[in-house]
Amino acid sequence: MKQSTTLLSSLALVLAALPLTMFPATAQAVGPQTEALDASVQPLAERAAAAHRAAARYPASSQPLAATALDPLVDERAVQPDTVVAPDGDGPTLVAWVTDTVVRVGTPVRIEARLDAPASSAPSLSTRAGHLAGLAADVVGSDGKVVAEALLLDDGTGADTIAGDGVYAARIALPAAAAPELAASYMVRVTHQTPRGEAQTAVVGFVYSNPWAELTGAFRDTVVDGSLVVEAEVEVRRAGRFHLAATLTDEDGAPVGLAQAAQRLETGRHWMPVSFYGLIFHERRANGPLVLGAATLTTTGGMPNALGPLLFDAHRLAARPLDAFTAAPYGDPTRLEAARRLEASVR
Amino acid sequence: MLRRMVLLAVVCAMFAAAAAQAQPCLIFVHGKQTDTGTFTNWNNARSYWQSGSNDFVRTATKNFTASYYVIGYNGTRPYWESQSAGEVANEIVNATNGGADGGGNRCATTWAQGGSFWVIAHSMGGAVMDFILGNDDPSDANFNYNGPYDTVSQRVALAITTGGAHRGSEGADAVCGNGSFLCNFIAIFIQSCDDATFWLRSDNAVQVRSFASAPGSPVYLSGGYEAIFGASACLSGEDDGVVQYASIFACDGSATASYNNSNVCGNGSKQEASGFFNLDGSHENHDDERNDSDSDTRRAIPDGIWTCSGSPCAPNTVVQSSMTTAEFVSILY
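Residue numbers (this note's numbering), protein chains in the order written: chain B, 64 to 410; chain U, 18 to 350.
Just so you know, these hints were derived from the structure itself, not from any lab.
Treat the hints loosely; a few may be bogus.
Beta-carbon label-pair distances, calculated as ranges [said to hold, decoys possible]:
1. U/Gly285 to B/Arg410: 26 to 36 Å
2. B/Thr279 to U/Gly121: 50 to 60 Å
3. U/Gly131 to B/Ala117: 20 to 30 Å
4. B/Thr257 to U/Ser209: 19 to 29 Å
5. U/Ser326 to B/Gly207: 54 to 64 Å
6. B/Thr170 to U/Ser328: 46 to 56 Å
7. U/Ser70 to B/Thr170: 55 to 65 Å
8. U/Ser271 to B/Phe375: 16 to 26 Å
9. U/Gly121 to B/Arg348: 53 to 63 Å
10. B/Asp313 to U/Ser328: 25 to 35 Å
Ideal placement from N, C-alpha and C gives every residue a C-beta, glycine not left out.
My request is simple: use the sequences and hints to build the entire structure.
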């Protein structure tokens, strides 16, 4: 007999006991009637061995990026609104977001929200929503304590730029006590009280970050042992361990590669290198000018890390002939050993 | 007569041992918990994979012919903490060294003897493994943060996640927001926006991908599309009642994008630059995915593992009419 209560089994049991009429229709897999019940699977060890061998072509610190891929550094910082439908199903949908996923300690966090009319509703609904006095917001730590509160307004004052445009806004300055030594993760709740008095709450968040070092914006590049090394100048205010990540794109902005490095640095100015493995340029035939599409410096040593700002298009690199770069696979021995063992297991 | 019986028993034992050694050792990592029971009592961690007479571990190991090890960690803590990621990492290394889990189960062959180790992770276990495998290199932000992540990555040949919360859960958003009436059904059973839940929300500020890099060993993705009435109304696209497809399949872009079996992100559009690969979708809910209780339809997804007449099956093709995820794992080796 289980001695602990798991979320999922309890959820399933109670939901199963409830009448189905209580619930709206939910998403079902709708698709063609295609069946292939004689379908088969390749031994996973074969696939995994191939994956290890492919990965072994590059050092773990330097990855190729597909030209069609999202820039991973930019994607990780993307503002992601939370959308919450009305509890009664026919009211407006609450959409809330913070304008930055990383907020520097001492800088106010900007919160915005709007109420969208459901597709089936008359246009007047959004107008009605626009007449709200405001939307309540609070900032909550991982311990559940509220550290700040505010009212989001749409009156053209304070943080709100245009009165009556349907976008409510507030800028909240966190108290000094909320400032972490390194970083903290905060949740923002934006609540709309429905006409029936029910709370409709959207949840977003941000990292409140106090990095100990910063990129100065100066970069330089060279080729070392067939790989492209980009160095970033770093101003360190407090000694610690730092992580530098950067992406290269071509002139059209298509991603080429991602590189990262981490090291301990003492107080002062330093050049911190990341290395893009040469094979990446051969495989992409990237012999034209390149751009450091995004770069960011993180202070590590605790969770959450103190994420630094993203610098965009921070450095342009001159075109280099492909023969300046190594075309040899890196041959990561750990990955190759993993592949060898997997292949042996399916022989 | 007695001598013949002893000889037969010895031969049978040798065959069994040889079979176990040829197969990977399966290491099981459970999901989020509402209490610390799986951390303090190994039997709770073992029970996580069972429902009545159904047993994911038994089925996935082909009636225990493959060796296995069941990990218990503190599923109430954030995925990155010492009692979660740190505990899991240390236990995996113990397993690969031939150590026993809390029930006395050991991998048949150690790493030093040439063994192969597969991790099977459910729900939050996916985020835990992403953090470990994505911080296995000295160039990573949180290298060996609270355990021997590099050794884990070296020794784990691959991980399979089922209903993995790689990009968090919109259910966690609903709980932490004291959301709508329907979503509150989830809140009752998560109990509160506790630390683990706080870190399983779907915004980028808490996502494991913001604090990890590409995994050092490949992560294979499977998950359910059997919605849970009510709860699924709060989740985008297909979901298993707790985790949405964008998260189960570790997609890049928005963690709340709507996906189904036909259009879920392929292997080139994952949360990291490399290392995540699709397997398939199953008509199971989040509970079924870990307890072998629902033998149901399985469907192909983009870049998935199923082949039809020698070619990749078209997405959304029904590839099995009755197969649990545990059975699915058992046919992968």
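field: Enumerated hints in conflict with the structure, sorted upward
entry: Violated: none.
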